[in-house]
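Asks: In case you want the letters, here they are:
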Amino acid sequence: DAGITQSPRHKVTETGTPVTLRCHQTENHRYMYWYRQDPGHGLRLIHYSYGVKDTDKGEVSDGYSVSRSKTEDFLLTLESATSSQTSVYFCATKLGTEITYEQYFGPGTRLTVT
Amino acid sequence: KNEVEQSPQNLTAQEGEFITINCSYSVGISALHWLQQHPGGGIVSLFMLSSGKKKHGRLIATINIQEKHSSLHITASHPRDSAVYICAAPYYNTDKLIFGTGTRLQVFP
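Same order as they appear, the protein sequences are chains A and B. The first sequence: position 8 = 8 (this note's numbering), numbered continuously. The second sequence: position 87 = 87 (this note's numbering), numbered continuously.
Hints listed in this document are in silico derivations from the structure and should not be mistaken for laboratory results. Predicted model only: the values in this text are computed from it and were never measured. Backbone N, C-alpha and C fix where the C-beta goes; we use that ideal spot for every residue, glycine too. Any given hint might turn out to be false.
[Claimed, not checked] Partner residues are not named here, just some residues of chain A that face chain B (Cβ under 7 Å, in silico):
| no. | residue |
| --- | --- |
| 1 | Gly42 |
| 2 | Leu45 |
| 3 | Tyr64 |
| 4 | Thr100 |
| 5 | Pro107 |
| 6 | Gly108 |
[Stated by the list, open to error] A few chain B residues facing chain A, derived, Cβ under 8 Å:
| no. | residue |
| --- | --- |
| 7 | Val4 |
| 8 | Gly42 |
| 9 | Ile43 |
| 10 | Met48 |
| 11 | Gly100 |
| 12 | Thr101 |
| 13 | Gly102 |
[Claimed, not checked] No farther apart than 30 Å at their CA atoms in a straight line, the calculated lysine-lysine pairs in the DSS-like style are these:
| no. | chain 1 | residue 1 | chain 2 | residue 2 |
| --- | --- | --- | --- | --- |
| 14 | B | Lys96 | A | Lys70 |
| 15 | B | Lys53 | B | Lys96 |
| 16 | A | Lys70 | A | Lys57 |
| 17 | A | Lys57 | B | Lys68 |
| 18 | B | Lys96 | A | Lys53 |
| 19 | B | Lys53 | A | Lys57 |
| 20 | B | Lys96 | A | Lys11 |
| 21 | A | Lys57 | A | Lys11 |
| 22 | A | Lys11 | A | Lys53 |
| 23 | A | Lys70 | A | Lys53 |
| 24 | B | Lys96 | B | Lys68 |
Just chain B, with the same shape it has in the complex (with noise of 0.2 Å):
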């Protein structure tokens, strides 16, 4: 059983499409990660976020610590939207990481 759990696991969508990936956990957090990995395998750290959204440029995210879910949005979807999107949380407040399998996003113009 993942204790980070992410849908869909695929996604795809026309460009300027809104799209929204979710993201749930079952541990206690306090914090959760973002991260983008590109088609040619690097990752990037999106946000960290503990409260609330955060903005940049077109992505969103927010997260609800109660409710334990945060979403990823991406308004104005484009081609070079198009990675896997992967969310982490914290394990037990720790500084070690629980990797979500990650939601595969192909954006076609």
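Extracted from the complex, chain A is given alone in its bound form (with noise of 0.2 Å):
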């Protein structure tokens, strides 16, 4: 356990406002990731980062924005929430980058945009 945690918990929020999502860990992994998940689809990578202020875009980061000024901390921005970024929301670190280190989850973030 990588002492991973995910808030809030759950949220609903009306289409057009802004929305962060903030994912803590305490184990000073270097790799931090956000993931949606969907019905009908596996989990998908919205953006990653390698470090502090060293951030990538995933398959489907279009609408979203994230910041990582701290090691422990990797936040996910919704600018202007919309219905199809109702989802919930899993962040997930990890050791190191070699493919054979496992990710560590947080327990997810339930958005609802209405």
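Two chains, two frames, some hints: make the complex.
Replies: In structure tokens form, the structure reads like this:
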């Protein structure tokens, strides 16, 4: 268990409002990821980070931005939430970049955009 | 088209049965991950394997890199094994994972 927390755990927001989800880890893992999980789809990568101020886009990054100012925190922002962004969001961390390292997942945030 | 496909999508079993979940992938990989998602939503990593077989308790994972196929077996299944099982492959040997859509397993007493 990599000591990963996500906040909030549940959020309901209206279309057009900005939303920020926070991922916090206590294991000093360098690599962090944001995924969304939707019915009929596997987990899909939104953004990832290889270190402080080092972020890049994943396969479904449109409408999302991220920031990582400290090793332990990785923030996901929906600049103007849309109903298509209703989903469960998972943060994950990894110790190293090698493919043999496992990812550790946070508990998830259920976001509903009305 | 999913690059990582699992079968079956849903599986029900009686307690004690032997369970097999399959994962096929089209990307070229050198390792594959199996994860478990509990009914409450939490996701934990079960195995990472690059060849052969790994065993942890009643769970056994096998992989055939040449055939691009992996299986997860559960022996003597128990209701607490009820969960969604997900396989994931690194995308073209990067550290980014492509996930299957999961197999929902329900084990009844």
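Asks: Hint by hint, say whether it matches the structure.
Replies: Hints and how they fare:
Using the Cβ-Cβ criterion of 7 Å, the hint placing glycine 42(A) at the interface with chain B is satisfied: the shortest such distance is roughly 3 Å. The beta carbon of leucine 45(A) comes within 6 Å of a beta carbon in chain B, closer than 7 Å, and the hint placing it at the interface holds. Taking 7 Å as the C-beta cut-off, the interface hint given for tyrosine 64(A) is violated, the closest approach to chain B being about 16 Å. With a least beta-carbon distance of about 6 Å to chain B, the hint placing threonine 100(A) at the interface is held under the 7 Å criterion.
Because the beta carbon of proline 107(A) sits about 6 Å from the nearest beta carbon in chain B, less than 7 Å, this interface hint is met. A hinted interface residue such as glycine 108(A) counts as satisfied when its beta carbon comes closer than 7 Å to some beta carbon of chain B; here the least separation is about 5 Å, so the hint holds. The restraint placing valine 4(B) at the interface with chain A holds, with a minimum CB-CB distance near 7 Å, inside the 8 Å limit. Annotation: glycine 42(B) was flagged as interfacial toward chain A, and the flag holds, the nearest CB pair being 6 Å apart, inside 8 Å.
With its C-beta approaching chain A no nearer than about 4 Å, isoleucine 43(B) sits inside the 8 Å limit, and its interface hint holds. The beta carbon of methionine 48(B) is positioned within 8 Å of a beta carbon in chain A (closest approach about 6 Å), and the interface hint is therefore held. Because the beta carbon of glycine 100(B) sits about 5 Å from the nearest beta carbon in chain A, less than 8 Å, this interface hint is met. About 5 Å separates the beta-carbon of threonine 101(B) from the nearest beta-carbon of chain A, less than 8 Å, and the hint is met.
Evaluation of the glycine 102(B) hint against chain A yields a held restraint, the C-beta minimum of about 7 Å falling below 8 Å. In summary, the hint linking lysine 96(B) to lysine 70(A) is supported, as the alpha carbons are separated by about 22 Å, within the 30 Å threshold. With a C-alpha separation of about 23 Å, the suggested pair lysine 53(B) and lysine 96(B) falls inside the 30 Å cut-off, and the hint holds. The suggested pairing of lysine 70(A) with lysine 57(A) holds, with an alpha-carbon distance near 19 Å, which does not exceed 30 Å.
Annotation: proposed proximity of lysine 57(A) to lysine 68(B) holds, straight-line Cα distance about 27 Å (limit 30 Å). Annotation: proposed proximity of lysine 96(B) to lysine 53(A) holds, straight-line Cα distance about 19 Å (limit 30 Å). A threshold of 30 Å between alpha carbons decides the hint, and for lysine 53(B) with lysine 57(A) the separation of about 34 Å lies outside it, so the pair is violated. Of the supplied pair hints, the one linking lysine 96(B) and lysine 11(A) holds, its CA atoms being roughly 27 Å apart against a limit of 30 Å.
As the CA atoms of lysine 57(A) and lysine 11(A) are separated by approximately 24 Å, the hinted pair is consistent with the 30 Å bound. With a C-alpha separation of about 27 Å, the suggested pair lysine 11(A) and lysine 53(A) falls inside the 30 Å cut-off, and the hint holds. Under the criterion of a C-alpha separation no larger than 30 Å, the hint pairing lysine 70(A) with lysine 53(A) is consistent with the structure, at around 8 Å. Between lysine 96(B) and lysine 68(B) the CA atoms are separated by roughly 18 Å; this keeps the pair inside 30 Å, and the hint holds.
Hint violations for this structure: numbers 3, 19, all remaining hints satisfied.
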